[in-house]
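K.L.:
For reference, the chains in residue letters:
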Amino acid sequence: MSHAAIHDQHDDHHGAPKNFFQRWCMSTNHKDIGTLYLIFALTMFFIGGSFAMVIRAELFKPGLQLVQPYFFNEMTTMHALVMIFGAIMPAFVGLGNWMIPLMVGAPDMALPRMNNLSFWILPFAFALLLSTLFMPGGGPAGGWTMYPPLSLQSDSLAYVVFAIHLMGISSIMGAINIIATILNMRAPGMDLLKMPVFVWSWLITAFLLIAVMPVLAGAVTMLLTDKYFGTNFFNPGGGGDPVLYQHIFWFFGHPEVYIMILPAFGIISEVIPTFARKPIFGYKAMVFAIASIAFLSFIVWAHHMFAVGLPLGADIFFMYATMLIAVPTGVKVFNWVATMWGGSMTFETPMLFAVAFVILFTIGGFSGLMLALVPADFQYQDTYFVVAHFHYVLVTGALFAIISATYYWLPKWSGRMYSEFWGKMHFWNSVIWVNVLFFPQHFLGLAGMPRRIPDYNVAFANFNMISSIGGFLFGASQLIFLGVLIHGVFFSKKKATERVWEGAKGLEWTIPSPAPHHTFDVPPVIHDEELAHGNVNA
Amino acid sequence: MTSGGIRRSFAAWAGLALALFGGAAQAAPHPWQLNMERGASTWSQVPYHLNNISLGVCVVIGVLVFGAMFIAMFRFRKSRGAVAETWSHNTTLEIVWTTIPVLILIVLAYLATGGLTSWADTTGSQMTVKVTGYQWKWRYDYVSYEGKPIEKVGFMSKLDKLSDETRQLDSGLNPYAVKVGNENTYLLNVDKPLVVPINTKIRFLITGGDVIHSWWVPALGWKLDAIPGIINAAWTNIKTPGTYRGQCAELCGQDHGFMPIVVVAKSKADFAKWLAEQEARSGKTDKAPAAVATQAGSAAKTEQLAAVLPKVKQG
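Taken in sequence, the protein lines are chains A and B. So the first sequence is numbered by our numbering: it starts at -12 and just counts up by one. So the second sequence is numbered by our numbering: it starts at 11 and just counts up by one.
There may be inaccurate statements among the hints.
Restricting the straight-line Cα-Cα distance to at most 30 Å, the calculated cross-link-like pairs of lysine-lysine (DSBU-like) are [stated by the list, open to error]:
id	chain 1	residue 1	chain 2	residue 2
1	B	Lys202	B	Lys162
2	B	Lys88	A	Lys480
3	B	Lys88	B	Lys189
4	A	Lys48	B	Lys171
5	B	Lys211	B	Lys276
6	A	Lys482	B	Lys211
7	A	Lys5	A	Lys482
8	B	Lys283	B	Lys158
9	A	Lys480	A	Lys5
10	B	Lys88	A	Lys411
11	A	Lys271	B	Lys88
12	B	Lys189	B	Lys158
13	A	Lys481	A	Lys411
14	A	Lys48	A	Lys5
15	B	Lys158	B	Lys88
16	B	Lys88	B	Lys162
17	B	Lys171	B	Lys189
18	B	Lys189	B	Lys276
19	B	Lys249	B	Lys162
20	B	Lys211	B	Lys162
21	A	Lys482	A	Lys411
22	B	Lys276	A	Lys181
23	A	Lys481	B	Lys283
24	A	Lys5	A	Lys481
25	A	Lys48	B	Lys211
26	B	Lys189	B	Lys283
27	A	Lys48	B	Lys189
I should point out that these hints are in silico values taken from the structure, not numbers from a laboratory.
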């Protein structure tokens, strides 16, 4: 496999362009575009995080101290939109861009110019979205789900709708690119069932994206025409139905939830075997579980709507379908534990985040199972119990996986080792404060605190204050992350080796660190036993 | 599955659940409250027990899985000289840990389905109340009681004055000082509560007047969305007299956090007296009584609603 690396030497004559504008704005290179995606996601992570700080500051104690209720609603809405569409999704696309070609032995993405376009749409989409905060009527304040009729009362609806259209176009192009790359550009010998689990997870996620982003675009377009063009899709006064919107939205929304977690499953399935020095347990079961979860994601949407008054039969169907998801998800968790069992483990920062992912994501899965039970959901729905649930799966799930992946692959990207001490500082601060932040929210929800309220009865004061303290410190901990990244990219004196981690296997570890501008111009030769998950057929 | 069957199943678990989580009924949230309240209606036990049982199941699974993980992290450390093994699958094990969760899920699904079926059955109600959500208050219209239609008893119910003054930005007022008796009612009190009788199967017809709201009193065990153009139905049967507090549970605009719900449950005799008073008063004023409590805009809506009401009764 080493000849790929040797081959790269004579490619140096067309390295990265020296001109800044040419290199970053006109790039068609999967690595540079991946970097752009990751920097964009990090920026959005801090912007969305600052909105969260406003929310937690207002909720620090009962009574309104800082912001008006309408602005509070703008913050909750924008926090969700920015984190989902600006931070988590672009971060996964960035990781996919960087790593998928390296993991399957391809020289670049299949459609490099489209890759450039799909990234450069995003800054404009978010400029449009964030600009609404500075407009006279204010930004969207009806929640990221944009339920009509409430969302139709917003003056900034058109901006939000067009921003979402742009994000959707970007996501669909990104997904097409990833599918085309994985299906057409694999090196000879890299059969589908020999691909790393991360690549599998992205292949399946990309199909989900293509299936549901147009549905979201349709739903928000119907909002737009209801508000500005006199249609009555969701207006009961004209024969429409507000619940129709919720069905369409969640037909997008639930697969969307898995779009934000399946690549995380892939990342964890790469990191744990590396640091356990043992192949992933049940490779085929892992791939099949991801595919099952993706399929089930299309038939569970109404579990977000148990309180809208669905017919009994629908409640029962969606409850059963939702509970079924626990089975493949359980298989994944058991397989990660089984991968660790019998290994030879070390706990560098990526592994710490991966281990925390398995435990904390599972806690989010548990509350998910509880939420699936319709009679119990009649109590949980729209309370802080739900807020706790989805932050466990999205922050300690998706985000922790992204952070784990960043520490895992950063030395490959930058050619320098990040500071392990500060990485661990970042980990321990994050994992402690994130639990102080979100665990008490379970109690608040069970005690009856609704979500999306700027003020509350004094009975909820204690846990809200604890949660806010956790929130501030979790937010501050991410500044450590920023510091580690800047140091690890620009200043670290410690050079990374080719393999970086002792137990690392797979094609991406056969090229030099930092990865040269162009890799695998000639396809590498695949040796099954050198793949991350071992020889599957053995 | 009968609701009797589900109650028996729950009874079997109740001892364990009680031992684990305590069981005092709560009418309003209290500081440091950790778990869902048991509720005060005949049905509110269902979500309470389902919550406790499913939580118990999750805790047991969690202890096993995380336990195995921590043992692995301790035993199979490189620093302790562990050498990595090379196996990467075990079909028996994989079948076992696929099958066991399925069996657990079947039990949970059985319990949840029984509880859900009993919730969905609104037949045989002795009283009907129409609930309409507005930005940002509730309207209650009494439709019928013990087979007899009720004429012109309906009113708006909105956040009490003291909470409303206290909750303004920089009001300088202390939320802890908003009290009724010993109970702190900040943002959980209204000017005019919904009054209902105990030991009566009450059917609620819930709808929205502008945007979607959600009518939720935790002590009754459920919430149901108030959606314009749709009339949702649910029922309750409250066992003990008392004051039960809740809040709007669907984001409905800037004052979503400030439209609480208060249900006062009275004995049948007290309720009959209260109802007679209300009917007498509405006869005197002739117009909808809500006009007294709220501004002119709401009064106009009240009249529209009064026109809609007879249709609802037949439906």
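K.L.:
Keeping to a limit of 30 Å between CA atoms, is the pair of lysine 189 of chain B and lysine 276 of chain B held or broken?
P.N.:
With a Cα-Cα distance of about 21 Å, the restraint between lysine 189 of chain B and lysine 276 of chain B holds, given a limit of 30 Å.
K.L.:
Would the pair lysine 189 of chain B and lysine 158 of chain B pass a check requiring their Cα atoms to be no farther apart than 30 Å?
P.N.:
Violated, because 37 Å separates the two Cα atoms, which is more than 30 Å.
K.L.:
Given the hint that lysine 211 of chain B pairs with lysine 276 of chain B, does the C-alpha gap stay at or below 30 Å?
P.N.:
holds (14 Å)
K.L.:
Tell me if the straight-line CA distance from lysine 249 of chain B to lysine 162 of chain B falls inside 30 Å.
P.N.:
With a Cα-Cα distance of about 27 Å, the restraint between lysine 249 of chain B and lysine 162 of chain B holds, given a limit of 30 Å.
K.L.:
CA of lysine 171 of chain B to CA of lysine 189 of chain B, is that 30 Å or under?
P.N.:
Distance of about 12 Å is within 30 Å: holds.
K.L.:
Could you grab the alpha-carbon distance between lysine 202 of chain B and lysine 162 of chain B and see if it respects the 30 Å cut-off?
P.N.:
Measuring from Cα to Cα gives roughly 16 Å; hence the hint holds.
K.L.:
For lysine 48 of chain A and lysine 5 of chain A, compute the direct alpha-carbon distance and say whether it is at most 30 Å.
P.N.:
violated (53 Å)
K.L.:
Does lysine 481 of chain A sit within 30 Å of lysine 5 of chain A, going by the straight-line distance between their CA atoms?
P.N.:
Satisfied, since the Cα-Cα distance of roughly 25 Å is no more than 30 Å.
K.L.:
Given the hint that lysine 482 of chain A pairs with lysine 411 of chain A, does the C-alpha gap stay at or below 30 Å?
P.N.:
holds (19 Å)
K.L.:
Between the alpha carbons of lysine 88 of chain B and lysine 189 of chain B, is the straight-line distance 30 Å or under?
P.N.:
Not OK: lysine 88 of chain B and lysine 189 of chain B at ~60 Å, beyond 30 Å, violated.
K.L.:
Can the restraint linking lysine 48 of chain A and lysine 189 of chain B be considered satisfied, given a maximum Cα separation of 30 Å?
P.N.:
Holds, at about 17 Å.
K.L.:
Taking only the CA atoms, is the gap from lysine 480 of chain A to lysine 5 of chain A under or equal to 30 Å?
P.N.:
holds (24 Å)
Consistency note: the structure conflicts with the earlier hints numbered 3, 6, 12, 14, 15, 16, 22, 23 and 25.
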